[in-house]
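Undergrad: Quick note, the sequences are listed as chains A and Y, same order. Quick note: the first sequence uses UniProt numbering, first residue 1, plus one each step. Quick note: the second sequence uses UniProt numbering, first residue 1, plus one each step.
No lab work stands behind these hints, which were simulated from the structure alone. Worth double-checking, as some hints may not be accurate.
Heads up, simulated DSS-like pairs for lysine-lysine below, C-alpha to C-alpha not over 25 Å straight-line [said to hold, decoys possible]: (1) 218(Y) / 192(Y); (2) 58(Y) / 192(A); (3) 58(A) / 58(Y); (4) 101(A) / 101(Y); (5) 192(A) / 218(A).
2 protein chains.
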Amino acid sequence: MSGAGTDSTKAWPEGGPVVILVEPQLGENIGSAVRAMGNFGLSRLRLVNPREGWPNPKAVTFASGADRILETAEVFPDLRAALAGINFVAAATARERGMQKSVLGADAVAAETAGRIAGGEDVALVFGRERTGLYTEEVSLADVILTLPVNPAFASLNLAMAVAVVGYEWFKLASNGALPFQQPDRYPIADKADLLAFFDHVERELDEALFFRSPEKKPVTIRNIRNIFHRVGLTRQDIATLHGMVTALVEGRGTREARTAARLAGGKKPLAGPESSEPTD
Amino acid sequence: MSGAGTDSTKAWPEGGPVVILVEPQLGENIGSAVRAMGNFGLSRLRLVNPREGWPNPKAVTFASGADRILETAEVFPDLRAALAGINFVAAATARERGMQKSVLGADAVAAETAGRIAGGEDVALVFGRERTGLYTEEVSLADVILTLPVNPAFASLNLAMAVAVVGYEWFKLASNGALPFQQPDRYPIADKADLLAFFDHVERELDEALFFRSPEKKPVTIRNIRNIFHRVGLTRQDIATLHGMVTALVEGRGTREARTAARLAGGKKPLAGPESSEPTD
Numbered sequence: 001m002s003g004a005g006t007d008s009t010k011a012w013p014e015g016g017p018v019v020i021l022v023e024p025q026l027g028e029n030i031g032s033a034v035r036a037m038g039n040f041g042l043s044r045l046r047l048v049n050p051r052e053g054w055p056n057p058k059a060v061t062f063a064s065g066a067d068r069i070l071e072t073a074e075v076f077p078d079l080r081a082a083l084a085g086i087n088f089v090a091a092a093t094a095r096e097r098g099m100q101k102s103v104l105g106a107d108a109v110a111a112e113t114a115g116r117i118a119g120g121e122d123v124a125l126v127f128g129r130e131r132t133g134l135y136t137e138e139v140s141l142a143d144v145i146l147t148l149p150v151n152p153a154f155a156s157l158n159l160a161m162a163v164a165v166v167g168y169e170w171f172k173l174a175s176n177g178a179l180p181f182q183q184p185d186r187y188p189i190a191d192k193a194d195l196l197a198f199f200d201h202v203e204r205e206l207d208e209a210l211f212f213r214s215p216e217k218k219p220v221t222i223r224n225i226r227n228i229f230h231r232v233g234l235t236r237q238d239i240a241t242l243h244g245m246v247t248a249l250v251e252g253r254g255t256r257e258a259r260t261a262a263r264l265a266g267g268k269k270p271l272a273g274p275e276s277s278e279p280t281d
Numbered sequence: 001m002s003g004a005g006t007d008s009t010k011a012w013p014e015g016g017p018v019v020i021l022v023e024p025q026l027g028e029n030i031g032s033a034v035r036a037m038g039n040f041g042l043s044r045l046r047l048v049n050p051r052e053g054w055p056n057p058k059a060v061t062f063a064s065g066a067d068r069i070l071e072t073a074e075v076f077p078d079l080r081a082a083l084a085g086i087n088f089v090a091a092a093t094a095r096e097r098g099m100q101k102s103v104l105g106a107d108a109v110a111a112e113t114a115g116r117i118a119g120g121e122d123v124a125l126v127f128g129r130e131r132t133g134l135y136t137e138e139v140s141l142a143d144v145i146l147t148l149p150v151n152p153a154f155a156s157l158n159l160a161m162a163v164a165v166v167g168y169e170w171f172k173l174a175s176n177g178a179l180p181f182q183q184p185d186r187y188p189i190a191d192k193a194d195l196l197a198f199f200d201h202v203e204r205e206l207d208e209a210l211f212f213r214s215p216e217k218k219p220v221t222i223r224n225i226r227n228i229f230h231r232v233g234l235t236r237q238d239i240a241t242l243h244g245m246v247t248a249l250v251e252g253r254g255t256r257e258a259r260t261a262a263r264l265a266g267g268k269k270p271l272a273g274p275e276s277s278e279p280t281d
């Protein structure tokens with residue numbers, strides 16, 4: 001995914017949940033998580049006691065330009081302090097904690113978050129240390145547990161990846177799944193009259209080219225050919241292109257035959273292989 | 001998300017779509033993408049002309065143990081060659097290409113992929129170069145375009161993050177959204193008789209403690225208190241815990257009063273603030 005999709009004239013989405021990273025160890029991971037936050041419209045970051053201190057030049061590098069998130073990030077000594085002003089907390093963990101809390105996937109957390117924010121609450125999504133995750137005491141401060149469906153044989157997810165997936169579900173919901181672009185406006189599907197005229201054209205030319213060797217099989221072959229083109233959902237433009245292709249193939253055949261005849265007269269072999277089937281050959 | 005969720009006795013999921021990385025530039029990104037593939041049950045990797053050559057030690061480091069993916073990765077000179085044996089291709093791109101192809105999000109691609117694999121087809125998910133993405137000629141080899149809902153003001157997604165999100169949607173679907181663990185089996189919600197006995201207990205103790213200062217407001221206050229506990233969905237164990245808490249508070253009050261009296265007799269002030277409200281104080 002290249003950077004070319006970025007439109008710097010567009011405004012960043014406002015609001016959304018707070019992301020809290022508890023004692024992140026490496027600036028690279030903080031930066032990568034921040035970049036993913038920015039991609040998915042999350043801009044509110046709180047850091048609990050980052051091991052390498054703050055600010056962190058490596059975090060800046062890996063954030064790849066999501067500076068506004070870094071600049072407004074707040075640092076707290078512990079999770080309890082970082083939860084100031086928060087009404088609802090989801091704690092991300094890859095391990096069962098044996099706690100009587102609801103366990104939700106990222107999609108369900110996104111839905112819960114959107115509903116609570118719409119109701120005027122503020123929500124935090126809490127992620128733990130790279131190696132050891134959140135302490136059980138920290139998880140006990142959460143309303144729900146957030147976890148992801150992962151391969152049980154290889155469950156260790158990079159911190160920034162976890163933030164990315166949770167952010168993705170958030171933005172998918174917050175943007176109603178709107179993709180950054182769509183299939184270009186299509187010309188409408190062609191009138192059947194145009195399609196049938198194309199069938200007439202191609203079937204006539206195939207007849208002249210002696211394509212239908214067996215008269216008994218001809219109706220089935222024609223049905224099969226028509227089905228191929230029916231499946232495509234051709235527009236008028238598509239049909240014009242196909243008419244042109246058939247005409248070029250027919251006329252090219254004449255040209256090729258004439259050239260082959262000239263070559264044979266000069267003692268040369270005709271070209272073999274893919275090249276010889278190109279209509280412009 | 002810590003590594004503690006990994007269970008090395010579990011088998012890796014088999015099958016799934018092929019991931020093709022076209023001319024990836026950095027071993028770090030290949031390795032991070034491979035780790036994300038492993039997390040989300042994707043194990044089939046094809047590389048088109050990786051810039052730093054192959055194998056790549058940095059890719060091994062960043063794959064964090066997903067060696068089986070690296071060991072079985074295949075390298076091809078171009079995308080056309082890498083599509084050998086593939087029936088259906090989704091090309092990831094962040095930019096509109098003006099092509100008449102369906103544009104799908106990762107969830108729709110996952111559904112399409114699962115359906116085609118179930119029908120015996122093989123599917124490839126193709127990701128382009130870190131900076132420049134896929135060339136238009138490469139996108140033209142795909143059946144559908146895959147893109148993600150992203151913040152238009154900050155749309156540049158890291159390659160491995162894109163693989164992670166697409167892999168996440170794949171595994172969410174392939175595993176029916178099964179999370180690695182669930183809320184522990186709860187004791188069933190308590191009989192109403194047990195709940196009402198608790199209400200009797202707490203209301204009797206509050207009466208004795210002169211909590212209900214205004215007889216007119218007492219019925220409303222009691223209703224509010226009952227509503228708090230009704231909302232929780234208490235189990236028998238929860239109710240036993242609450243009975244114990246009320247009893248301890250009542251008995252602790254006696255202890256505290258006795259101690260306060262002793263302190264006052266010795267000329268000391270009682271402890272103020274949160275400490276004095278702890279039942280074990």
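Undergrad: Against this structure, judge whether each hint is valid.
TA: Quick rundown of the hints versus the structure:
{"no.": "1", "hint": "218(Y) / 192(Y)", "result": "holds, 22 Å"}
{"no.": "2", "hint": "58(Y) / 192(A)", "result": "violated, 57 Å"}
{"no.": "3", "hint": "58(A) / 58(Y)", "result": "holds, 18 Å"}
{"no.": "4", "hint": "101(A) / 101(Y)", "result": "violated, 44 Å"}
{"no.": "5", "hint": "192(A) / 218(A)", "result": "holds, 22 Å"}
The structure fails to meet hints 2, 4 from the earlier list, while all remaining hints are met.
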